[in-house]
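Residue numbers (the numbering used here), protein chains in the order written: chain A, 7 to 159; chain B, 641 to 780.
I should point out that these hints are in silico values taken from the structure, not numbers from a laboratory. Heads up, the beta-carbon is just placed ideally off N, CA and C, and yes, glycines get one too. Mixed in with the good hints there might be a few duds.
[What the hints assert, rightly or not] Cross-link-like lysine-lysine pairs, in silico, DSSO-like; alpha carbons within 27 Å at most:
1. B/K775 with A/K56
2. A/K134 with B/K704
3. B/K775 with A/K67
4. A/K134 with A/K67
5. B/K704 with A/K56
6. B/K775 with B/K704
7. A/K67 with A/K56
8. B/K644 with A/K67
9. A/K56 with B/K644
[Unchecked claim] Okay, the calculated beta carbon distance ranges per label pair:
10. B/I756 with A/L55: 19 to 27 Å
11. B/K704 with A/Q156: 51 to 59 Å
12. A/G91 with B/I724: 26 to 34 Å
13. B/I768 with A/L66: 36 to 44 Å
14. B/F707 with A/W100: 39 to 47 Å
15. B/P778 with A/Y11: 41 to 49 Å
16. B/E709 with A/Q156: 49 to 57 Å
17. B/R722 with A/R61: 29 to 37 Å
18. B/F707 with A/V149: 19 to 27 Å
19. B/R674 with A/T92: 20 to 28 Å
20. A/W100 with B/P706: 39 to 47 Å
Here's the letter readout for the chains.
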Amino acid sequence: MLETYFPLGISQYAWGGLLVGLGISIPFIFTGLVTGVSSFYTAAWSYLLKGWFFRSAWYLKSRGWKWWLVAGLISGGLLYALAYGTPPVTTVPWWRLLLGGFLVGVGARMSGGCTSGHAICGLASLEKVSLVATIIFLTTAIVVALLTEQIFI
Amino acid sequence: MIDKITMYIGGLVFGFGLALAGATRPEIVLSFLRLEDLGLLLVIGVALLVVLVVYQGFSRILQKPPFGEAFDVHDGFPVTRRTIVGAIIFGLGWGISGICPATSLAALGTGNWPLIFAVIGIFTGTLIYGLIRTKQPPTH
């Protein structure tokens, strides 16, 4: 039963999830700030672009600490590699990463969040919009992944 | 300054957790989306439970955070056509690639270098969408 649904075991997933939850909780406990990651990408463009969408009060106010969140995420990955060794490099073709990233960027900005922003922070804030977005993007992604399995590797 | 320090420490724990769970590897994410290994559901579930208790607990016990103006928990954003279309586009991208904005960054830290293509893609997507929206009158 457990091996059917979790062929690689469950401990790394449970501990990983616990750490993800703690990492998102730490800034909130001290400062009340919510750790959505997708808005970093638009906040970074706000340094170069003058359009109202890039220059909203929220991006201008939050772009300072968002760099530190990103530095933390990269450092966390590095710390893992130093502790446990470098995991295998992905074999998913570059164009799928690029195209997927592009759609993820457009979709996150259009719907107002990503996996951490909607599925964790938004749901934990009991936001209806996050529940709707999470159900839709999860269902779409499952359908797409199952269909593309027939086309891609 | 405290916002930057706590974001760095939080991001570090967050990124380490993503790497430990294998969420920094598109193969693992895709095996979840293909329903071959439900591990990622456990990652999101456990993380959500922790954050739910912390968000709801702290914002009820304390008037305001020790080093901030207010706890940013709210249910104010309306569900619009944009929410729905955006979530479908997000799901399309996630299903094609197995990447998302946070895992791509943590993946770069682990040495999973091809994820730089995902990061470039996300930067491009947010740029194009922002430029299109900028041509329209400001709304929320």
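To see whether the hints hold, each was checked on the structure:
1. B/K775 with A/K56: 12 Å, holds
2. A/K134 with B/K704: It holds: about 23 Å lies between the C-alpha atoms, which stays within 27 Å.
3. B/K775 with A/K67: Roughly 23 Å between the alpha carbons, so the hint for B/K775 and A/K67 holds.
4. A/K134 with A/K67: 25 Å, holds
5. B/K704 with A/K56: 33 Å, violated
6. B/K775 with B/K704: 38 Å, violated
7. A/K67 with A/K56: Since the Cα atoms of A/K67 and A/K56 sit roughly 15 Å apart, the hinted pair holds (cutoff 27 Å).
8. B/K644 with A/K67: 12 Å, holds
9. A/K56 with B/K644: 25 Å, holds
10. B/I756 with A/L55: 19 to 27 Å: Cβ of B/I756 to Cβ of A/L55: about 22 Å, so the range 19 to 27 Å holds.
11. B/K704 with A/Q156: 51 to 59 Å: 53 Å, holds
12. A/G91 with B/I724: 26 to 34 Å: Given a distance of about 42 Å, which is not inside 26 to 34 Å, the answer is violated.
13. B/I768 with A/L66: 36 to 44 Å: Distance hint for B/I768, A/L66 is violated at roughly 21 Å.
14. B/F707 with A/W100: 39 to 47 Å: 42 Å, holds
15. B/P778 with A/Y11: 41 to 49 Å: Taking Cβ atoms as reference, B/P778 and A/Y11 lie about 47 Å apart, which means the hint holds.
16. B/E709 with A/Q156: 49 to 57 Å: 51 Å, holds
17. B/R722 with A/R61: 29 to 37 Å: With Cβ atoms ~19 Å apart, the hint is violated.
18. B/F707 with A/V149: 19 to 27 Å: 43 Å, violated
19. B/R674 with A/T92: 20 to 28 Å: Between B/R674 and A/T92, where Cβ atoms are some 25 Å apart, the hint holds.
20. A/W100 with B/P706: 39 to 47 Å: 45 Å, holds
The structure fails to meet hints 5, 6, 12, 13, 17, 18 from the earlier list, while all remaining hints are met.
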